[in-house]
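Trainee: Just so you know, the protein sequences line up as chains A, B, C, D and E, in that order.
The numbering used here applies: residue 1 is where the first sequence begins, and numbers increase by one.
The numbering used here applies: residue 1 is where the second sequence begins, and numbers increase by one.
The numbering used here applies: residue 1 is where the third sequence begins, and numbers increase by one.
The numbering used here applies: residue 1 is where the fourth sequence begins, and numbers increase by one.
The numbering used here applies: residue 1 is where the fifth sequence begins, and numbers increase by one.
Hints are computed from structural coordinates only; laboratory data are not their basis.
Model, not experiment: these values are computed from the prediction.
Take these hints with a grain of salt, some might be off.
Selected chain C positions facing chain A (in silico; Cβ < 7 Å) [said to hold, decoys possible]:
#: 1; residue: 596
#: 2; residue: 600
#: 3; residue: 602
#: 4; residue: 605
#: 5; residue: 616
#: 6; residue: 619
#: 7; residue: 626
#: 8; residue: 628
#: 9; residue: 633
Backbone N, C-alpha and C define an ideal beta-carbon position, used for all residues, glycine too.
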Amino acid sequence: MAGDLLLFLPEAACLLMALALFGLSLPRVQDQRRVHSWTMGLSLVMVAAGLAGLFQEGSLFFEAYRVDLFSQFFKLLLAVALFLVLSICRQLTGVEERYQPEFFLFLTTCTLGMMLMVSAVELMTLYVALELSSFSLYILVPLRSGDNIDVEAGVKYLFIGITASCVMLFGMSYIFGAVHSTYLAKIAATLPLWIHQPGAVIGLLLTLSGLLFKLAAFPFHFWAPDVYQGAANQVTTYIATASKAAAVALLIRLTALSAGTSLYLLDVLMALCVASMTLGNLAAMVQSDLKRMLAYSSVAHAGYVLMGVLTMTRLGYSSAMFYSLAYMVMNFAAFMVVVKVASGGQDLKISDLAGLHRRAPLLALTLMLALFSLAGIPPTVGFTGKFLVFAAAMQDGHFWLVLVGMINATLSLYYYLMVIKAAYLAEPAGPREALAVSGPTRALNYALIAAMVYLGLFPRQVLELAEQAVRNIF
Amino acid sequence: MTPVMGEYIRPEAVAWAAFILVTALTFVGALIAVLPRNIIYNVFGLATCILGVAGLFIFLGSEFLAMMEILIYIGAISIAIVFAIMLSQPMHVQIPPAWRPKLYLSFAVSAVVFVAFSIIVLRTPWEVALERGQDWTVRRLGELFLTRYELLFELISLALLVAIIGAIITAAALGGGRKSEGGS
Amino acid sequence: MDPVAPNGNELLLALLAMGLPLLSFFLVFFVTRPWVNLSCAVSLVCSGLPLSAAVWLLAGHWRMEAPILWQLTWMEGGGALVTFGFLLDPLSLLMLVIVTAVSFLVQVYSLGYMAGDPGKAKYYAFLSLFAWSMISLVLASGLMQLYIFWELVGLSSYLLIGFWHHKFSASQAGKKAFVMTRLGDLGFFLGIIVLLLNLGDLSILGLNQQAAARLTPGLLTASALLIFCGVVGKSAQFPLLTWLPDAMEGPTPVSALLHSATMVAAGVYLVSRLFPFYQGSPQALGWVLVIGTVTMLLSSTMAMVAEDIKQVWAYSTVSQLGFMLMGLGAGGYFAGVYHLATHAAFKALLFLCSGVFIHQYATNDFFAMARAGARGLKVPMLTLTLAGAALSGVWPLAGFFSKETVLAALAELPNPAWLWLGILGAGLTAYYTFRLLFVMWRPRRLEPPPEHGERAGHGAHEGHGAAVYWVMAAPLLVLAALTVLLGAAGPALQSFLAWGRPLPAGAHHTWLVWASVLVVATGAGLAWLEFGRAGAAQQGFLSRMPGLWNLFANRWYLDWLYRWLLDHVVYGLFSRLFTLNDRRVVDGGIDGFCRATLGAGWLFSLLQSGLLQYNLFTMVLVMALVGLYFLLV
Amino acid sequence: MNAGFPYLSAILLAPALGMLVILLLPHGNQRAVRWVSLVSAVICLALSVYLYAAYDRAAAGLQFVERASWVPSLGIFYYLAVDGINLPMVLLTSIVFFTGVWTMWDLQHRVKEFFALMLLMVVGVYGVFLSLDLFFLFVWYDVSLFPMYPLIAIWGSTRKEYGALKLTLYLLAGSALVLPGILYVYFQSGLFTFDLVQIAQAGLPVEAQYLGFFLFLFGFGVLAGLWPFHTWSPVGHVAAPTAVSMIHAGVLMKLGAYGVLRVGMFLCPQGLGDWSPLFALLATVGIVYGAFVGLAQTDLKYVIGYSSVSHMGLVSLGLATMSQGGLSGAVFQMFAHGIMTALFFSSVGHIYDRTHTKLIPELGGMAKVMPRASFFFILAALAGIGVPCLASFWAELLVFIAGYRAYPVLGVCAVLGLVVSALFMLRVVQKTFYGVKNERFAQAGDMTMVMIVPRALLAGTILLFGLLPRLALDLINTGVAPLVGMFK
Amino acid sequence: MNSLHTYLFIALVLFCIGLFGLLKRRSLIGMLISVELMLNGAGLNFMAFNRFLAPDPAVGQVAVLFIMGIAAAEAAIALSLILALFRKIRSVNVEQARQLKG
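Based on the provided sequences and hints, a complete structural model is requested.
Mentor: As structure tokens, this is what we get:
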């Protein structure tokens, strides 16, 4: 049982943290600082647990739960993402003070749901874990204080979410019908029997839709702009980083079921990939709200990830894994700046960044690097991620897809440059005081810059880890 | 039932009648749940439909599930919806008729989905499993919950917990006492 | 005649001649420019020594047996081998002496002429640059080297014409000269490439000896004509002749050096240099003859109506160059070269004399000069007359003999028309030369000498009038001596140029001598009637024919044609259209594409209408399409 | 392989470290920023000159090789080496970099950021020239491009934001073709290595070369100013600050041509054959077109921008001939044009600094006002016209010969373009520097001796290589020769 | 009545009616009701496959049970959110919640 516990270590830590936060949320009056410190401490423990559990392998709960490098990689990613998001929650101005423990609680349960999700190898478990994380987010989105848009965003998120989950369930039922099992391992084992059954393939596709929703890929992306804009900045950060990573993980696991033998699936995924990239990038060009723009850009990035996934090769999967890591780092860096600049928790227009280079040079630098990284400019991690994804697609012979991807990357540069322009060139209308950047934030900035460049130039270790992870998904 | 009766009303016929009844209940309920503009009819439609589905579950061999279906959907969900309706909108206010094209488009796209999926269902050679267990007892379900679906069981309780806390926070706290006259 | 390598002495002298002016250019331009006198001294030394070297070489090789060749690889790549070196043979030695001599004399003369000019040091630097390029051109052992220095000569010309660049016309003229000669060089360059690609050898000796044998006649003619395009540009032949009169905007010594004696003669030199090559293609020589003739007549007519003294000499230069080309085109190698040599002497002299007047009276109009009392300046006036007589071909001056040889060469041609045209040209030359001389000698109204301050020509040089005058006069005397003496040197030069062997003696046409003397006398007499005799109106017969007068004064509307072509075709059509295309089509297309992209973005963002159900509708629609697609596959 | 001191890495690292140091310097310490930049520039220059001298021309081939595995699973190598093609480019970069830093010495506005970005850009440029690994080549290629945006948009002039945006998007659109091309080649070669030399030696399937060259031609061609994808270049030149224009026109445009040569032609020598007529046609159109459009411009920098289009067309034409002479000429032209344009822009930069205008009609008689600046500009113009004994003459000579040999009609058109370019260069010189001076600028002031140094270096280089072309050509010929062998 | 396809069709009809409602209804509560129909359709599918094909008859039942649980939780959250929205904009009409767009 001790071995089992070790296998379950990250989840256990997360659960523990959730319990602790639940306890913290009970008293009527809380000291916000203390809660935050506790949360940070606990999430650090979680990161440690994630690290400790990185190379564990095994299976739990009657084969419904599988611990392997693949899942542990993503768990570590999730733990780190949670830690990072919590680290910018010190001044939680976007959320009313008395709900802050709950806020942390839901972040934690969401993370827990995703951690379980990446390890789940049984469809129902997977589904329920997915719902657990979704529920937490449904609640986190409208927790923002102030505007009306938060609830509206929450409602839209919820309805698109439950529609997607209905579709997903419907698809699962077809898979169940065709394969007679909900265990991924069995499904994969009987691949030749079902792959040419229309019901099964459609079922798989519909199942994927739930994950495409999480990933905000076309056509399940409609929530993204609204939620990004409507939710509190920190929540948006979380949605933009952690939940994407988990979605990628599941997408890989589920797509891998078909082992690349269904041309139909490939075609549909390619179409969605192209549509996501194009639509996201084009729509992002005309945005004036920074978070909304980043939302559309996340739609485009969902397309890039899909490009890696749809190749259904090892290189493709490992590149998608790398990309999700890259995406997490760079997107977090961008949102961190958003959170810091919008210190009142308000929404941030792109034009509000004017004069940032003087108000906070370090933040401006981080933002610029993050945006260049998102645009896929070397030597940042975003480029390396894109490069790997494109390489995977090219290896599979999707020349045109790569071309479209590159053209899209160029398009995307336009709106990223607009932001950089605002931060570096535009002068604010009135005098704005310098932004105070605290020591830890400074350190965080340096760390992020270093991470973006280091991972961009030295992808070797992570890449090898990812390759090792995808070698044995089932 | 006497044997005499049995000669007139054969079990198959009864079963057929019952099946048609539950199917009709399901469809009619579903339509009522969707079509009328008055929201309270829709809830009744949902309840009717649920009854039909519960009947279908019985036909499919699981009385337990039928019971749970009624319990959860009618007992919990429908009631909650009714409360929500009462809290949210005055029932006598008629909602203006819908924009026509939206109706047609919705119908068209749903119909296309229906046709497409029907053909897919028909084209799929659904295969029967080689070995089939026959243990339909509730006991077996309970066993599974504690063994194979242990994690699932825990998970769903966690999910429900989260949902409840969330619902409390959202419904009780959000918007209450704060500026509330916004919106268009 | 296989070439031999130079001995140490020859090598040293030749390299000295080639290298010193370059050294002087760098020294003066980059180092000594702030010290004007030092700069002049450096430059003078560096042009005097090459002159001595040239004379030494000429004297030492008066009876040379074989050409002396020395060369280094300058650049190599892609089948093109560019050598740098020198080829000493009679022609190049003769030309070297001419170039260095005129160059040195002009530099001496400029001491006075440019006195007080703020850019004097720079001027000397440019002169040195020119001397270097010209000497290297003359001595070039390969066609490519010749071409390179040919271009550099053009560059020096550009710099020197535009030397007073604050004058708009000067910079305009410089530009025009550069671009027009460049146009000709285009052909020259293409000709070189044709030869290079088909022959693989660009050495002058090789070309002269083997080209005719190794090239097909068509290619030979084509390349010869292409190369001749360069000559047309550089020697201001028809139709590229109008830059040379404009080039008179430069300082007068520059006109003397570049635009009469040496640089423009480079074209003629090139044809002589490649004479055996040209002989391989009678068609090409025929074209040379035609172009030369046309040019000679056209520019003579222009000279007849010009009132600017430098313009007259410029037109006459053009026409004399055409005359040389006629000689060459007629097969008279010696005729062309001889006329080149004598022309260098008397034309430089003409310009330098005119320079004195211009310097003195601050005007270019010889009518005005005459009225101002030009004939009071004895030395220049006498030398001017001498040189003018030489130009007209008055016995026993140099011009007479060289002109005779050319006419003799023309007389060899089967078609007598060429000869008559040549004689007609000689008559015209005599007419316009004497027209000028008579005007100068016999002004109608003598004005009182202008106030001292009014003749502030090119700077403040009042202080040292006499010294300046004599510095300028000394070179005149030297050149005048040459003008007289060269006539007698004809036979010697002829045997020198023919490697010491007597040329096959052409028939000596006594009647020809008389005919030309008669024509010259007629021309001069006409000029006397109109300009010289007492009571003459000093109005040429052409002024009574306004149509012709306008045609001649407007240079046969050649400039107008070029202007029109430039304005309407180059600027108005090509440049404007290309620019419009660039703005509207190429760049506008890109901008339009970007706008369209943004528009597409706007359209897509409309999908996000805020209405939840439209979004759901899209989702379902895509699902339906995916389902349908499956059915179709 | 030369063991020993890693010269090439040192060249790459010097500006990179310089950038880091600058970033870490406290704000407001502008002196230190300048000195750090200058020191790194001097180090690069010294190393480049040393390499240029120390390269063994007799042995030829790749020298000073540094090769290490980077990501073994993908076959990415850290692979630096020089041969006769990229060594002149490295020298060019060093010279322009050094002079660029010196030229911007008096910059006052946001100094730290400027020099940091400039150093970053230079790192990228060195990286492209030195790397023989496709992955790294592309990485550095983009690294050299993206600092352009802030550099132009912040410190630029006329329509700077528009120009910066256009340039950046355009160039990265070009790289959108290059990356698929690289990946395509990577997989088509079947070697799973990004090592350019290996792929070139193994040879690609001919069909793959066909598509591959197309991608490289148009991808890199955009940066080389290939017609009709050139419009970013004048707009960008006009907007950019002096040093950026210098580096941009002087070096960055060469990256494009270098890319076509090093990647496109080395990897796809057979695919080139089918494209070369088109390539040559576009190049020639560019030559003539650039010259004609240049005629109509009234902004000094636009004129230079279009002359760059024209001159880079010569480079392309040289490449398209696929012959020893054409390639040598193209490489030499890259070098010569780089130095020449840098001189152009640094002179114009001075004029603009002093008069705050670069419109030709407003200027006039500048030769009187600032004779030194005028001298350098006119020298550059003469080099641009192709006056002998200045570096670009030799390059143009080789290109014309090769161009005429391969495509006689296009060759003649290209030579014709040269006359037009003479016309417009001289027109600019006449209108700007000669004629009546504008009294408004009478007190504008000439270059000081300190400011002359970088210009003199550039001018000296033009003269040196013009008088002694073998200094470059002997080297370039060795680099080009193996490639010519591959065409057969 | 004893055929798989019958049930699959019934489920599909339910699902599509739900879809139709989801797209058509403007009341958020009405949309929620439609979603419940869709979930039931999915559940019915599970049970149908369970009855006719699956090796272990418990699996489908378990799935349906969990679907119900999820549906209940979803309904709870959805209703509370709808109420919160109602407090803010005084309406449950989805067409009036359109501040977020573009």
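Trainee: Let's test the interface hint: is any C-beta of chain A closer than 7 Å to that of residue 600 of chain C?
Mentor: holds (5 Å)
Trainee: Classify the hint on residue 602 of chain C as holds or violated, based on whether any CB of chain A lies nearer than 7 Å to its CB.
Mentor: holds (5 Å)
Trainee: Tell me if residue 619 of chain C is really an interface residue toward chain A, meaning its C-beta lies closer than 7 Å to one of theirs.
Mentor: holds (5 Å)
Trainee: Using 7 Å as the Cβ threshold, decide whether residue 626 of chain C counts as touching chain A.
Mentor: holds (5 Å)
Trainee: Let's test the interface hint: is any C-beta of chain A closer than 7 Å to that of residue 628 of chain C?
Mentor: violated (11 Å)
Trainee: Can you verify the interface hint for residue 605 of chain C: is its Cβ closer than 7 Å to any Cβ in chain A?
Mentor: Given a least distance of 4 Å, the restraint on residue 605 of chain C holds.
Trainee: The hint names residue 596 of chain C as touching chain A; please verify it with the least Cβ-Cβ distance against 7 Å.
Mentor: With Cβ-Cβ at 10 Å, over 7 Å, it is violated.
Trainee: Quick check on the hint: residue 633 of chain C CB to chain A CB, less than 7 Å?
Mentor: OK, holds: residue 633 of chain C within 7 Å of chain A, min 6 Å.
Trainee: Would you settle whether the hint for residue 616 of chain C is holds or violated, based on the nearest Cβ-Cβ distance to chain A being less than 7 Å?
Mentor: Given a least distance of 6 Å, the restraint on residue 616 of chain C holds.
Checked against the numbered hints listed earlier, the structure breaks hints 1, 8; every other hint is satisfied.
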